[in-house]
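Enquirer: Sequences and hints are given; from them, build the entire structure.
These protein sequence lines map, in sequence, to chains A and B. Counting from 58, one number per residue, gives the positions in the first sequence under my numbering. Counting from 863, one number per residue, gives the positions in the second sequence under my numbering.
Certain hints may be false.
In silico EDC-like links for lysine to aspartate or glutamate, alpha-carbon gap of 20 Å or less [claimed, not checked]:
no., chain 1, residue 1, chain 2, residue 2
1, B, K990, A, E190
2, B, K975, A, E181
3, B, K920, A, E171
4, A, K178, B, D977
Now the in silico label distances, taken between C-beta atoms and shown as ranges [said to hold, decoys possible]:
no., chain 1, residue 1, chain 2, residue 2, range
5, A, V173, B, A922, 15 to 21 Å
6, A, V173, B, K943, 22 to 28 Å
7, A, E437, B, K920, 53 to 59 Å
8, A, Q204, B, L939, 54 to 60 Å
Per the computed footprint, the stretches of chain B lying under chain A, defined by three or more beta-carbons under 8 Å from a beta-carbon of chain A, are [unchecked claim]:
no., region
9, 903 to 917
10, 980 to 989
Since the hints were derived computationally from the structure, they do not count as laboratory data. Yeah, the Cβ is synthetic: ideal placement off N, Cα and C, and Gly gets one too.
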Amino acid sequence: MHRSPLFLLLFLLSSLLGQAQIFQLYELEKYDPATQSGLVKNNSYADINSTLVLKIDKPALLQAMNNYAQVESGLSEKLRQLRFILENQNEILAGFQVYSKDSSLEPLNNLAEEMVTFLTKIREMPDMRALYEQFSTLYTATYTRAQIRSTNNPALASDGVPRRDEFVLVKFQEYAATLAQEIAASLDQSQVKVIFSGYIRNKSGWRQVKLSDDFDTKVEEIYTVPRWQTEMTAEDRAQLVAIDSLATNLNLLVDTKAEDIKNWLADAFSADECLGNLQNRLQEVPGTITSLADAGKAEIEAIVAESVALVDDLSRQYVIAEDRSPGITSVSLLEGFSGQLNSTATSIQTLVSNIDDRLLTRLQGLTEAPELQNFVSTYEGCKADLAHDRDVLLGVGMRLRTLFSSGQSSAKFSMELGEDIRRLSYDAVPAESYIDLQGTGNRANGDQMKVIATLEEGSGDDAVRVNVDTRIFSLQQIGMYSVIKPMLLLANPTRDPGPNSNIRLDEKKFQFAASYSLLFKFGSRTSRAFNEVWQPAIGVNFGALDFDTDGTPEFSAALEFDFLKDYFALGYGYDFGVSETFFMLGFRLPIGAVPLPLFNAVESTN
Amino acid sequence: MELFNTLIIDTDHPENRLAFISLVKDNPFIVFVAIGNSNTVKDLVEKADLLADDHQGKIARRVVWIQDSAIFQEDCLAFLKTYPETFEETVYPKVMAFTLSPVWSETKYIFMKDDPTDDVDVSFAYWKASLRERAVDPDATT
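Expert: Structure follows, in structure tokens:
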């Protein structure tokens, strides 16, 4: 995603103008959470050997990410609506009784009762009211008045026309599925990376350092956060968690109710008992026709044969359906079974049409014979059962399938949101981490260290990085530490040369000599002048003087006081070779000090 | 729209009153009574007539449209006073519609002027008047 320079400038300005700090650094040894002691501020000192605690202010980090990422409007509203619908779907379907031995065979009768509570709540919510009105108006527009009125009488062919409450509930379920998909699409945006990186500057310039031993191959601590998490309030995230739970529950509920349908189906087939009888009566029909010529008789025999075949086929379909219905344990199986129901309903219609429109029409006027009367009365009785099966199975079965499959669809899409919820990698951003300075490689007093928190979006050439917080501080051995330094020694004997001394120098002459000093310094935690200008030290100087000018160096030792970064030294010593004391001036050679691992040496594990 | 379930009363003739009272008292219907002749009331009557088909084979629903609020005012007030919450006679001019429960003909929902009249409200009004609101055996003699 390309961000305009103006946006970046505005974001940087907002960062400069008092944005909350994303992280704080503390020296671990000095850190006390109660008093927040040990804080390493900008331009302060941190012990060069210390472990730093990096405390991340996650609310401030979230705020920075919110400012950085584009905020999508309307997300909270969609979450609220989706949660409301799923909650009510759960309540409605939980109370919805698919099958009861004592109730009528139409399992959709009590749905309206279950929806009363839903209606009560909807009336208090303007957006839900508007949706209900929209769906109810759509129902009125979709079906004719006659079709709507027919839904009140299961005996009338309903052709799968739903009742208003079923239609509205299905529409709410479809709307929930759409909402879940829209929410998932808006959540599935590019990710924001939160990066913590560290650098140390010495004479050679800045180099990147490893912040943590947890990631051996990384020099940066990178936490990837899906961008939508930055846009969500705590309430939104709670909504998502609730949605996940409701969707899972709804999915289980839908399958449980779908399993109940098999019990209903077992009792719903009423024509199977009469089919055998009907077949027998049909086969008797040709034998009763004595008043027709051969051609007419042949025609009736052909129609009867067809009808017998249709009854036979229908009987087999009933057996198959009755065998299969106990296996309806889920909505997906019901989906497949509804095709079977449709086929059976079509076969029923074909049989009825064949007998009504062809056979009975042809037999009109001939049906006074008792055998034919037998057939007609058997057929009329069976026809009522067949019509019932066709209407109830086709109409109610289709409507049940629609109700539960749309419920499962809304649950399925909502459950996919749960996968996003479970990948809450924002929570993987720790509240604190540790930076072991001993793992950052070579460093010396006065080196500057920089720890930066960065947000990055995109990848490759399109990646855009913005620093949101920086800490720059100096490293220093705090407290006492020791170094060895080569010094140029200027020694002036305290006693004038004379016959009683071994000193052969001209009077008031300083002698130059090589020496080295073992110095003890003290690093200040607070004073830059102390550390970087004066840098006082006290120590011992060991030199090679030649006060007796015989060409053989004499060993000397002096108590030395250094200042101005050891460039100047003053001291008082003793030449062991000639047993004479001396004052000394010292000048540091332009060679770096060698740390002496006596006290508080700079340690490195890398 | 054709009104399949509605008794329209436009005058205060005695036979109209007889039809109204008989519809309410002599039948186990939920009755939606609408009063007035404004466009809002006309729309409400059409909606109530349409939603009267949604009884699902249980308690049938009928609509009575009294086109002038002065017609049968005493009878309407008598019904309205059965409302569970207190009903003041003085607010009668603001009443747009009300639903009566079957058998006992008690008012269960009132639409005042300016109240919303969406499908959800009309459906709710019918359901409020359904027999399940009353936990009494409808065959009891007392």
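Enquirer: The structure should be examined with respect to each hint, and the outcome stated for every one.
Expert: Outcome of the hint check:
no. : hint                         : in the structure
1   : B:K990 to A:E190             : 19 Å, holds
2   : B:K975 to A:E181             : 18 Å, holds
3   : B:K920 to A:E171             : 15 Å, holds
4   : A:K178 to B:D977             : 17 Å, holds
5   : A:V173 to B:A922: 15 to 21 Å : 18 Å, holds
6   : A:V173 to B:K943: 22 to 28 Å : 26 Å, holds
7   : A:E437 to B:K920: 53 to 59 Å : 29 Å, violated
8   : A:Q204 to B:L939: 54 to 60 Å : 39 Å, violated
9   : 903 to 917                   : holds (count 5)
10  : 980 to 989                   : holds (count 7)
Violated hints, in rising order: 7, 8; the structure is consistent with all others.
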